[in-house]
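**Student:** Each chain, written out:
Number of protein chains: 2
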Amino acid sequence: MSKNRVDTPELRTSSSANLSVVLGLIHEYRTITRSELCQLTGLTRSTVAKLVSTLSDMGFVTESRSGQIDRVGRPSHGVEAADDVLAISVHPEVDYLEVKAVAFNGQIVHSRKKLYPQPIGPDQAVDDMVEAIEGLLQDLKKHSLKFRVLGAGVIVPGQTDAATGVVRQAPHLQWYEFPIKQKLSARLPMRVLIGNDASLGCKAEITYGAAKGSSEVVYLHGSSGIGGGVYMGGKELKGFGGYASELGHVRISSVASDDYSGIPGTLEALVRREDLEKVLGLSQVSDDVLETELLENRTSASTNLAKKQLEALAVAVANFVNIFNPETVVLAGFLSSLYRFDQKYFHMVLKKHALPALLEGLQVFVGELGSNALAIGASEMVFEDLIAEPTKYLKLGA
Amino acid sequence: MSKNRVDTPELRTSSSANLSVVLGLIHEYRTITRSELCQLTGLTRSTVAKLVSTLSDMGFVTESRSGQIDRVGRPSHGVEAADDVLAISVHPEVDYLEVKAVAFNGQIVHSRKKLYPQPIGPDQAVDDMVEAIEGLLQDLKKHSLKFRVLGAGVIVPGQTDAATGVVRQAPHLQWYEFPIKQKLSARLPMRVLIGNDASLGCKAEITYGAAKGSSEVVYLHGSSGIGGGVYMGGKELKGFGGYASELGHVRISSVASDDYSGIPGTLEALVRREDLEKVLGLSQVSDDVLETELLENRTSASTNLAKKQLEALAVAVANFVNIFNPETVVLAGFLSSLYRFDQKYFHMVLKKHALPALLEGLQVFVGELGSNALAIGASEMVFEDLIAEPTKYLKLGA
DNA sequence: GCTATTTGTAGCGCGGTCGAACAAATTAGG
DNA sequence: CCTAATTTGTTCGACCGCGCTACAAATAGC
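Going down the list, the protein sequences come from chains V and L. Under my numbering, read the first sequence as residues 1124 to 1521, first letter to last. Under my numbering, read the second sequence as residues 1124 to 1521, first letter to last.
Derived by calculation from the structure, the hints in this document are not laboratory data. One or more of the hints may lead you astray.
Given that identical chains are not distinguished, each listed pair holds provided it fits within a single copy or across any two copies.
[What the hints assert, rightly or not] In the DSS-like style, the derived pairs of lysine-lysine whose C-alpha atoms are separated by at most 25 Å in a straight line are:
hint, residue 1, residue 2
1, LYS1474, LYS1361
2, LYS1264, LYS1401
3, LYS1264, LYS1236
4, LYS1335, LYS1361
5, LYS1431, LYS1401
6, LYS1335, LYS1358
7, LYS1236, LYS1269
8, LYS1475, LYS1361
9, LYS1237, LYS1306
10, LYS1401, LYS1361
11, LYS1173, LYS1401
12, LYS1431, LYS1467
13, LYS1335, LYS1265
14, LYS1431, LYS1474
15, LYS1269, LYS1361
16, LYS1236, LYS1265
17, LYS1173, LYS1515
Work out the full structure, taking the sequences as your base and the hints as a guide.
**Tutor:** Here it is, written out as structure tokens:
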């Protein structure tokens, strides 16, 4: 306890914080010139040159001789995020397991999917994850010349403790108190990080999607339940234990119907995908089919239900506006279909329940990233770790 | 636009971030030894010595020869936050204006209060503020030898845009779109900052009160309305326009009664101080009187109402728990009386509506700081600015 | 008084960044 | 096609915050 490092204050002594800033910008822009880096960071040309060459030596970025050549003057060198530095996204769901390899430049390189006729337990899921990732890497070795895997990001549809890597509860998977990070990292030659699915979806929409560049974002994803993700000041809202942003379980009504956690009158209890399916005469259909049916086969019964759900959604969003004053609200999953059903009505209800000053500048979007959103979010989790401490990942290769 | 500084990335080139860290710790602990600073920051003795002497030269801290002397070894020098570096808190309310001088070590040095028989407009309020502050400084000059005033923090009971310094709307004061920062700083030889009353109360409780040291805090203050403040990750939740944490306007019920902003079923519409006063046969009494009457003269009518309000409060808090996963919830103003009325019932309802994982480690407190809370919060606003950039305040004196 | 312990102090070195001077690569214009 | 203007890359020297080491100083325990 004598040589312990500080944790309370923000900063200590910087071993080049600017290296992280530059790496982060290169990752964000995917390709950028050195002079643009100078403008964005305020650093001098000499400093940027040194930092970029350091990152290039580390293998995280590549330099090309020509950037854009439309201006007078010597053209600036282009800098690109490496395409052979990979993160693996791991997505266990009720009826499948999907792993994807995502490059540092945002490209999805390769993927594998295994279908499950029936749900499986967490321990067997870990077996399958290891097998799938090893298979994925085998495939890559056949095709690609060289690559490095930095880590794996596991997408958990439930409450996760990211710090310890424990899945607290994932009701749909029927997993409870499962130390997945520990189990996985013991069997894989890479770092393992875990995150909540909605939070990762939010992260992805901020990085490459509908909320790109926004730093105050509320994200709602509807599938079997309703998950939420919040970013404030550019940072994820984590809370004390790391379980924050359970936006589906916010009570907005005094009606009696419960959500799957037994709480009455919540968003999740009032806005239910299966109720929509039922009124449309559907069962277990994809989001696309649901949206088409909802928008094109409007019956009085379906319209009634959709409007009722839309109103509840708008009231909930109004609450989040009053609470967070976000710049961007992103509706994903079947919530985007609901929103498309009657945007005007949504905004009317929203306007009625939110304070005027907090509605200023608010933008409501539907999720842009489809099936790749979660994979990008999961890879982002790994890459953010890389960006924060590039030196930590020096010795990793494959 | 060529020599513009960066604003998007977090850091650029540090002009001693550690100076801020050390100054912040000295302010937080009020008195601390150099060796403790070493342990807390991880910096070496030589570095701490240099930083402290820099701060001492600046006049923000003073060094004493003896710290604690209970251990073996050479005693470490004590470092204290200066008692002659001041911030002025300015608190305009419906029926009074109060200004207080708060020292960098947290002590309230002096105060002045002016009563208003009837509400006044913002322009006349500015006149009174200038007069009151000048009078306050005159008083101080008579008594004290020497002091420096860094800035004034204005406590606004309404929506504020801290960045531009505009009061967007303060319904109780009947002020709307008033650029108070601009008007005040034109007439005062000091920086002027403004903030929302509930957010400042929250800040104060974190600095010296019930939520001391906690970095995930939800604060609710009940007076005529219900205001909220949120700190996450040790930082204030600001939102896009700076209007976040309007927690009183969160809808939790589908009943029809409106709050003062015309939104039905909100916390503020359901938990009303004046309803409590009415059922107790009181009118315009102080918080203390209200609490005494509420707790000691329990009738069936008052119990019914209090329980109804308590339930609404608990549901709202449960929502905030699900949203924020806070470590600490602080109830202030008449909400603390309501909480004391039946804590068990509150926690029962809370438990029913919040997710189990998010309740782990949660602490619910009543506000500790009485009338000085807001003044401390306002001064803290100024001192945080000082701590972030100590060099900015070098040339200021009085 | 002597020792062990802890802290203050002074000097040196390292690393990250800036700044200035010069070279290089492009566009614009004749 | 050649020149001027412009913008960037490159190199080198300097500064500064910070760590490290050695030594002095101040305490408790014996």
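**Student:** A separate judgement is required for each hint: does it hold in the structure or not?
**Tutor:** Quick rundown of the hints versus the structure:
no., hint, in the structure
1, LYS1474 - LYS1361, "between (28 Å within a copy, 21 Å between copies)"
2, LYS1264 - LYS1401, "neither (47 Å within a copy, 77 Å between copies)"
3, LYS1264 - LYS1236, "within (18 Å within a copy, 76 Å between copies)"
4, LYS1335 - LYS1361, "both (20 Å within a copy, 19 Å between copies)"
5, LYS1431 - LYS1401, "within (15 Å within a copy, 37 Å between copies)"
6, LYS1335 - LYS1358, "both (14 Å within a copy, 23 Å between copies)"
7, LYS1236 - LYS1269, "within (23 Å within a copy, 73 Å between copies)"
8, LYS1475 - LYS1361, "between (30 Å within a copy, 22 Å between copies)"
9, LYS1237 - LYS1306, "within (20 Å within a copy, 66 Å between copies)"
10, LYS1401 - LYS1361, "neither (35 Å within a copy, 41 Å between copies)"
11, LYS1173 - LYS1401, "neither (61 Å within a copy, 71 Å between copies)"
12, LYS1431 - LYS1467, "within (14 Å within a copy, 35 Å between copies)"
13, LYS1335 - LYS1265, "neither (35 Å within a copy, 57 Å between copies)"
14, LYS1431 - LYS1474, "within (16 Å within a copy, 28 Å between copies)"
15, LYS1269 - LYS1361, "neither (36 Å within a copy, 45 Å between copies)"
16, LYS1236 - LYS1265, "within (18 Å within a copy, 79 Å between copies)"
17, LYS1173 - LYS1515, "within (19 Å within a copy, 31 Å between copies)"
Of the numbered hints listed earlier, those contradicted by the structure are 2, 10, 11, 13, 15.
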